[in-house]
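Asks: Sequence:
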Amino acid sequence: MPVSAHTGNITLASSLGILFERDMTTSIDVLELCKYYDVFIFGIIQPMLAKDLLHPTSEEEKRSHKKKRLVQSPNSYFMDVKCPGCYKITTVFSHAQTVVLCVGCSTVLCQPTGGKARLTEGCSFRRKQH
Numbered sequence: 159m160p161v162s163a164h165t166g167n168i169t170l171a172s173s174l175g176i177l178f179e180r181d182m183t184t185s186i187d188v189l190e191l192c193k194y195y196d197v198f199i200f201g202i203i204q205p206m207l208a209k210d211l212l213h214p215t216s217e218e219e220k221r222s223h224k225k226k227r228l229v230q231s232p233n234s235y236f237m238d239v240k241c242p243g244c245y246k247i248t249t250v251f252s253h254a255q256t257v258v259l260c261v262g263c264s265t266v267l268c269q270p271t272g273g274k275a276r277l278t279e280g281c282s283f284r285r286k287q288h
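Heads up, our numbering is the position in the sequence shown plus 158, with the first residue counted as 1.
It is worth saying that the hints were derived from the structure and are not from the lab. Note that CB positions come from ideal geometry on N, CA and C, so glycine has one too. The reader is advised that the hints may include incorrect statements.
To be verified - Only pairs whose alpha carbons sit at most 20 Å apart, straight line, appear in this in silico PhoX-like list of lysine-lysine: (1) K220 to K286; (2) K274 to K220; (3) K274 to K225.
Claimed, not checked - Pairwise CB distance ranges, derived in the manner of DEER restraints: (4) G243 to K209: 45 to 53 Å; (5) S264 to P214: 43 to 51 Å; (6) F236 to S264: 15 to 23 Å.
With the hints as constraints, model all of the structure from the sequences given.
Replies: Here it is in structure tokens:
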């Protein structure tokens, strides 16, 4: 249903950011506008969101802050680290702030960084289930 710009819908169209020619004879299609904007009962017009906030992707959830996720969950975890020398398994915290040594042969298993601990080359690990 095309609506002429000079019939009183100029406020609707101007609030949507539509530019008209000087003679005000440009007509707009209301259905086309509704594809790009949500029009509420009270006449408030807001642009539609580009992403779905209720159903974020798993990548978006991982990147978001631990307290700003839909369900709060920590970034840290415990893991079983296997020593490359004696093959003993040691439980290590992912964000360990001290050097972790193997119980059997005193080999360095991981070293602290600013965030996650860095595993020594040759160490294999498995994330523990809660």
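Asks: Are any of the numbered hints broken by this structure? If so, which, sorted upward?
Replies: Failing hints: none at all.
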